[in-house]
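These protein sequences, in sequence, are chains A and B.
Residue numbers for the first sequence follow my numbering, beginning at 4 and rising by one.
Residue numbers for the second sequence follow my numbering, beginning at 4 and rising by one.
Be careful, since some hints might not be right.
No copy labels: a pair is met if it fits in one copy or bridges any two.
Below, in silico cross-link-like pairs of lysine-lysine (BS3-like), each with a Cα-Cα straight-line distance of 25 Å or less [said to hold, decoys possible]:
#1 79 / 259
#2 216 / 254
#3 80 / 51
#4 259 / 167
#5 5 / 216
#6 81 / 259
#7 216 / 73
#8 5 / 80
#9 216 / 51
#10 5 / 79
#11 216 / 259
#12 244 / 259
#13 7 / 79
#14 184 / 216
#15 7 / 244
#16 61 / 80
#17 244 / 61
#18 259 / 40
#19 119 / 259
#20 244 / 216
#21 61 / 184
To be clear, the hints were calculated from the coordinates, so they are not data collected in a lab.
Protein chains: 2
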Amino acid sequence: MKLKRSGRLVDMTRYLMEHPNTIVSLTEFSERYESAKSSISEDLAIIKESFEAQGVGKLVTLHGATGGVKYIPYIKKKAAESFLTSLGQMLSSQERLLAGGYLFMTDILGDPIIIKEIGRLIASVYIHNDIDVVMTMETKGIPIAYAAASELNVPVVIARRSSKVTEGSTVSINYVSGSSKRIQSMVLPRRSLSKGSRVLIVDDFMKAGGTIKGMMHLVAEFECLTVGIAVLVETGGESPKLVDRYLSLLKLGQIKEGTAVPIEIGNYFNYFREE
Amino acid sequence: MKLKRSGRLVDMTRYLMEHPNTIVSLTEFSERYESAKSSISEDLAIIKESFEAQGVGKLVTLHGATGGVKYIPYIKKKAAESFLTSLGQMLSSQERLLAGGYLFMTDILGDPIIIKEIGRLIASVYIHNDIDVVMTMETKGIPIAYAAASELNVPVVIARRSSKVTEGSTVSINYVSGSSKRIQSMVLPRRSLSKGSRVLIVDDFMKAGGTIKGMMHLVAEFECLTVGIAVLVETGGESPKLVDRYLSLLKLGQIKEGTAVPIEIGNYFNYFREE
Numbered sequence: 004m005k006l007k008r009s010g011r012l013v014d015m016t017r018y019l020m021e022h023p024n025t026i027v028s029l030t031e032f033s034e035r036y037e038s039a040k041s042s043i044s045e046d047l048a049i050i051k052e053s054f055e056a057q058g059v060g061k062l063v064t065l066h067g068a069t070g071g072v073k074y075i076p077y078i079k080k081k082a083a084e085s086f087l088t089s090l091g092q093m094l095s096s097q098e099r100l101l102a103g104g105y106l107f108m109t110d111i112l113g114d115p116i117i118i119k120e121i122g123r124l125i126a127s128v129y130i131h132n133d134i135d136v137v138m139t140m141e142t143k144g145i146p147i148a149y150a151a152a153s154e155l156n157v158p159v160v161i162a163r164r165s166s167k168v169t170e171g172s173t174v175s176i177n178y179v180s181g182s183s184k185r186i187q188s189m190v191l192p193r194r195s196l197s198k199g200s201r202v203l204i205v206d207d208f209m210k211a212g213g214t215i216k217g218m219m220h221l222v223a224e225f226e227c228l229t230v231g232i233a234v235l236v237e238t239g240g241e242s243p244k245l246v247d248r249y250l251s252l253l254k255l256g257q258i259k260e261g262t263a264v265p266i267e268i269g270n271y272f273n274y275f276r277e278e
Numbered sequence: 004m005k006l007k008r009s010g011r012l013v014d015m016t017r018y019l020m021e022h023p024n025t026i027v028s029l030t031e032f033s034e035r036y037e038s039a040k041s042s043i044s045e046d047l048a049i050i051k052e053s054f055e056a057q058g059v060g061k062l063v064t065l066h067g068a069t070g071g072v073k074y075i076p077y078i079k080k081k082a083a084e085s086f087l088t089s090l091g092q093m094l095s096s097q098e099r100l101l102a103g104g105y106l107f108m109t110d111i112l113g114d115p116i117i118i119k120e121i122g123r124l125i126a127s128v129y130i131h132n133d134i135d136v137v138m139t140m141e142t143k144g145i146p147i148a149y150a151a152a153s154e155l156n157v158p159v160v161i162a163r164r165s166s167k168v169t170e171g172s173t174v175s176i177n178y179v180s181g182s183s184k185r186i187q188s189m190v191l192p193r194r195s196l197s198k199g200s201r202v203l204i205v206d207d208f209m210k211a212g213g214t215i216k217g218m219m220h221l222v223a224e225f226e227c228l229t230v231g232i233a234v235l236v237e238t239g240g241e242s243p244k245l246v247d248r249y250l251s252l253l254k255l256g257q258i259k260e261g262t263a264v265p266i267e268i269g270n271y272f273n274y275f276r277e278e
């Protein structure tokens, strides 16, 4: 279609946002809009400037044979801090306290806008790590996993507690839950991971880290590599953790009766790099 | 921030796409860009034209006291047909056949781009139904529920097979699985649905419809209203279904040994209305 610059800018913005972390060649855009590459380059410069001024994403230009442009998730440090601070405040309400040191987060995990932002924060950190797949354990980590995977443009695989007829043959491992010390199982469909995949493990909540460690074990069973681990909330009380290196967005402190739930920003900014 | 038209177009496109089904007033945009409302109106006309030419969304203009604009999901009939046809082809591979008449769909349900498109198709149908919340049953319906909920800009609630300590007090019902005839339970956290909510039920696969019927029962327990039911795949063999009115994107026919899996487009276009 032949469009004026204004129409091209709208459509290119939409197209890039719907195809994150995907290289689009100048030729592709040039043919799509029946416009000279020089005009397309100017359009892209305008889009790049707008995204970067808003701190909502980056346009990366690639030169050479695979030349083109890709939109990648990005967030400014200040915006990340303000999001995590307000999320922490939402979670610090005393009504959220549940037995066993857990927090009621179901409503927050059900909010697509919050989830999308959590996914963007996680993806911003791992965008240069060549992630092939995001893995989580059912159930509550699933939306976070999809949100991060959407921004990274990679598939999600979901480990389950038991094998289901709808998933064909599975690989199963046993693991010890870090906090309850019980032996549990975790299964993954045989067809879900190809050998050598670079995996980002994501979950909603980490106490001692037994479930995460189980997922790492499962990744290794498939001869894949755990490249990163990201959790929404870690508990600060239980230490040492069973896993060494992980990213946490929020950290839950020691809970005392009658006071607000102590939530602080996790180790996120140890991993975050403002470019 | 003061921006030229080109910069405004990029930022407004991005902003509207990130806030679907949300009214943005002209005043808001006018203040954000330090520009006259007349300029903003012209910008919106350009964005509207581009979205509608591409058939990827609509800009709805609202007049009066709540005046403004909102971006709503939309898909052209032809684009929906072509998406469903190619999804059907992906699913018709014989390797996907599993015991019990199930199909292996885990890979497809793990693909964020496919899931996003499925969500858009579902949301396009229910966008004018004032949905308050999307409900699904763990596990495989979850990504579809989030995808539809993102486009509708409403929260997701997830029914589970058993209650979890992390969800506080729950409401539980028993239901009879339509195909296996076994009695099963389904629980939902007490805090997850407020009375009177208009609920869209979403799932990945429907045989006789027992699980869907269970969810409807649960919706009624919370004094809420089931406004719509949407499933990715229904089986054609088992009839009558336990639910009367539902939308299906794809329909799985009778499976015969040694032939391709018979998949056709479901009843989607009975509900779809091209505007």
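Structure-based check of each hint:
no.	hint	in the structure
1	79 / 259	neither (34 Å within a copy, 56 Å between copies)
2	216 / 254	within (19 Å within a copy, 40 Å between copies)
3	80 / 51	within (18 Å within a copy, 33 Å between copies)
4	259 / 167	between (41 Å within a copy, 23 Å between copies)
5	5 / 216	neither (54 Å within a copy, 50 Å between copies)
6	81 / 259	neither (30 Å within a copy, 59 Å between copies)
7	216 / 73	neither (34 Å within a copy, 44 Å between copies)
8	5 / 80	between (39 Å within a copy, 23 Å between copies)
9	216 / 51	neither (40 Å within a copy, 49 Å between copies)
10	5 / 79	between (35 Å within a copy, 20 Å between copies)
11	216 / 259	neither (29 Å within a copy, 43 Å between copies)
12	244 / 259	within (22 Å within a copy, 52 Å between copies)
13	7 / 79	between (32 Å within a copy, 23 Å between copies)
14	184 / 216	within (13 Å within a copy, 38 Å between copies)
15	7 / 244	neither (57 Å within a copy, 52 Å between copies)
16	61 / 80	within (14 Å within a copy, 33 Å between copies)
17	244 / 61	neither (35 Å within a copy, 49 Å between copies)
18	259 / 40	neither (63 Å within a copy, 52 Å between copies)
19	119 / 259	neither (32 Å within a copy, 42 Å between copies)
20	244 / 216	within (10 Å within a copy, 43 Å between copies)
21	61 / 184	neither (44 Å within a copy, 53 Å between copies)
Comparing the model with each numbered hint stated earlier shows that hints 1, 5, 6, 7, 9, 11, 15, 17, 18, 19, 21 do not hold.
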